[in-house]
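Asker: Sequence:
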Amino acid sequence: MTYVVTDNCIKCKYMDCIEVCPVDCFYEGENMLVIHPDECIDCGVCEPECPADAIKPDTEPGLDKWLQVNSEYAEKWPNITAKKEPPADAKTFDGETGKFEKYFSPEPGEGD
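End of the sequence shown sits at 112 in full-length UniProt numbering; the numbers just go up one at a time, nothing left out.
Among the clues, some could well be false.
In silico PhoX-like cross-links for lysine-lysine, where the CA-CA straight-line distance does not exceed 25 Å [what the hints assert, rightly or not]:
| # | residue 1 | residue 2 |
| --- | --- | --- |
| 1 | LYS102 | LYS65 |
| 2 | LYS84 | LYS56 |
| 3 | LYS91 | LYS56 |
Treat the hints as calculated values from the structure; they're not laboratory data.
Sequences and hints are given; from them, build the entire structure.
Answerer: Spelled out as structure tokens, the structure:
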């Protein structure tokens, strides 16, 4: 099992999860974070820290796509270990449906 970041992170990109991760397995894209599934130790401390409820265990049904997205982009995006401020309009996008199709960017973030 591993944890994955799902589409509610897109355009919200809260980073509370980064501060509690003991193994620094988060990677930063332009408008979301992902978890490297091979680095995640399945401790689960990140899940309750996410204000957008965007982190889920990959054992939940229907998360195969998100495991693939996390796996692919964790290899391409820079590692991030320090919390940054979320986008100013993050609350506007929290809970919006269809965010992957509308807003996902494959571009990397800044990382540390």
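Asker: If a hint holds in the structure, say so; if it doesn't, say that too.
Answerer: Here is what the structure says about each hint:
no.: 1; hint: LYS102 with LYS65; verdict: 16 Å, holds
no.: 2; hint: LYS84 with LYS56; verdict: 21 Å, holds
no.: 3; hint: LYS91 with LYS56; verdict: 20 Å, holds
Violated hints: none; the structure is consistent with every hint.
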